[in-house]
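Undergrad: Listed here are the chains, written in short residue letters.
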Amino acid sequence: MLSIFLTITCGIAMGYFARNIPATRYTEKIIGILIALLLFSLGLSVGTNEQVIANFRLIGRDAFVIAAAATLGSVLCAAWVYRKFFRKKDKKS
Amino acid sequence: MRDSLLYLFVFALGIVLALVGWVPELFIPNDMAKGILYLLLFFVGIQIGSSKHLFSAVKSLGFKIVLVPVATTIGTFAAVVSASFILPHRSLTDCLCVGSGFAYYSLSSILISEYRGAELGTVALLANIIREFFVLVFAPWMVKYFGKLAPICAGGATTMDTTLPIISKYSGTDYVIVALFHGMIIDFSVPLWVSFFLSL
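Residue numbers (my numbering), protein chains in the order written: chain R, 75 to 167; chain Y, -3 to 196.
In short, the hints are calculated from the structure, not lab data. A virtual CB, placed ideally from N, CA and C, is assigned to each residue, including glycine. Accuracy of the hints is not assured; some may be wrong.
As the list claims (entries may be wrong) - Stretch by stretch, here's where chain Y covers chain R in the computed footprint (C-beta under 8 Å, at least three residues):
#	stretch
1	78 to 90
2	104 to 111
3	115 to 129
4	140 to 151
To be verified - Quick partial rundown of chain R residues pointing at chain Y, CB under 7 Å, derived from the structure:
#	residue
5	Arg93
6	Pro96
7	Ala97
8	Thr98
9	Tyr100
10	Thr101
11	Ile133
12	Asp136
13	Val155
14	Tyr156
Unchecked claim - Think about it this way: if two alpha-carbon atoms lie no more than 25 Å apart in a straight line, the pair counts; the simulated DSS-like pairs of lysine-lysine are:
#	chain 1	residue 1	chain 2	residue 2
15	R	Lys158	Y	Lys30
16	Y	Lys165	Y	Lys30
17	R	Lys162	Y	Lys55
18	Y	Lys60	R	Lys162
19	Y	Lys30	Y	Lys60
20	Y	Lys48	R	Lys103
21	Y	Lys55	Y	Lys140
22	Y	Lys165	Y	Lys48
23	Y	Lys48	Y	Lys60
24	R	Lys158	Y	Lys48
25	Y	Lys55	R	Lys158
26	R	Lys162	Y	Lys48
27	Y	Lys30	R	Lys162
28	Y	Lys165	Y	Lys60
29	Y	Lys165	R	Lys158
30	Y	Lys30	R	Lys103
Hey, can you work out the whole structure from these sequences and the hints?
TA: If you want it as structure tokens, here you go:
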């Protein structure tokens, strides 16, 4: 947990000081490549894990339930904040 | 959307190769995945730090812009806690780990599979891809019934990149800056929340 936090914080500090260096344009590309590599290796470990393959339907169902709940919950909270703090401004303009 | 499809393809390719029994030896050592993971976190930090939108957004909208990521977080966690009751075979912290991906499926699934195994990692990957998909498909409907912030909160960490065009289309260009600010804050919070729930 701490090492994760420190790694990101170092990155943010570096990014902030380097924000005017043109090379920072490439961060998005680099992130994309790293993610692809890691997802490929996640795929490999899923494929070699018989338990995951056998339970794939169950995994899909659980994922759907959590995704639907998370989306609905945040949409409801968004509606409350919008009515309370943002709508007035929109009506005026 | 193109990126999501590419990632899904790479993930599926990994599964198929493993099922056929062709696993590249390069990918077997676990230490390497962890090393790449930290490299990824570092670059995510650089991306957040070098972005120029963060401070201008706070200046133009003031304090209430902070309420948007707060609403996303509270709404997501409250709903995921309720959902964990209908998923009795999953622990509350496992559900919260998956939920705190906030549609940032790549980072959350990688972190979770590293510490909790490929099974929960796959749940996180699918759940957070589905969340992004919901926003891309239902954004107009969300704006109509729940207001212009709805697709932003639903989009979680993706509102600074993949779902930004759709938000700007349906919530209006006035909300682009809100979406960028929101995406950046949530983006930053994903690895922190995930590792927090992993440590419980």
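Undergrad: Work down the list of hints and note, for each, if the structure agrees.
TA: Going through the hints against the structure:
1. 78 to 90: holds (count 12)
2. 104 to 111: holds (count 7)
3. 115 to 129: holds (count 13)
4. 140 to 151: holds (count 12)
5. Arg93: holds (4 Å)
6. Pro96: Hint violated; Pro96/R Cβ to chain Y Cβ min 11 Å, cut 7 Å.
7. Ala97: Check failed: Cβ of Ala97/R comes no nearer than 10 Å to chain Y, outside 7 Å.
8. Thr98: OK, holds: Thr98/R within 7 Å of chain Y, min 4 Å.
9. Tyr100: Violated, because the Cβ-Cβ distance from Tyr100/R to chain Y comes to roughly 9 Å (cut-off 7 Å).
10. Thr101: Hint holds; Thr101/R Cβ to chain Y Cβ min 5 Å, cut 7 Å.
11. Ile133: holds (5 Å)
12. Asp136: Because about 5 Å separates Asp136/R from the closest Cβ in chain Y, which is inside the 7 Å limit, the hint holds.
13. Val155: Nearest chain Y Cβ about 5 Å off; hint holds.
14. Tyr156: Holds. Min distance 3 Å.
15. Lys158/R / Lys30/Y: violated (44 Å)
16. Lys165/Y / Lys30/Y: Cα-Cα ~38 Å, so violated.
17. Lys162/R / Lys55/Y: holds (19 Å)
18. Lys60/Y / Lys162/R: Holds. Lys60/Y to Lys162/R sits at ~13 Å (cutoff 25 Å).
19. Lys30/Y / Lys60/Y: The hint is violated at about 38 Å.
20. Lys48/Y / Lys103/R: Holds, at roughly 18 Å.
21. Lys55/Y / Lys140/Y: violated (28 Å)
22. Lys165/Y / Lys48/Y: holds (22 Å)
23. Lys48/Y / Lys60/Y: holds (20 Å)
24. Lys158/R / Lys48/Y: Status violated; Cα separation ~29 Å.
25. Lys55/Y / Lys158/R: Holds, at about 20 Å.
26. Lys162/R / Lys48/Y: violated (28 Å)
27. Lys30/Y / Lys162/R: violated (48 Å)
28. Lys165/Y / Lys60/Y: Holds: Lys165/Y and Lys60/Y sit about 22 Å apart, inside 25 Å.
29. Lys165/Y / Lys158/R: holds (23 Å)
30. Lys30/Y / Lys103/R: holds (20 Å)
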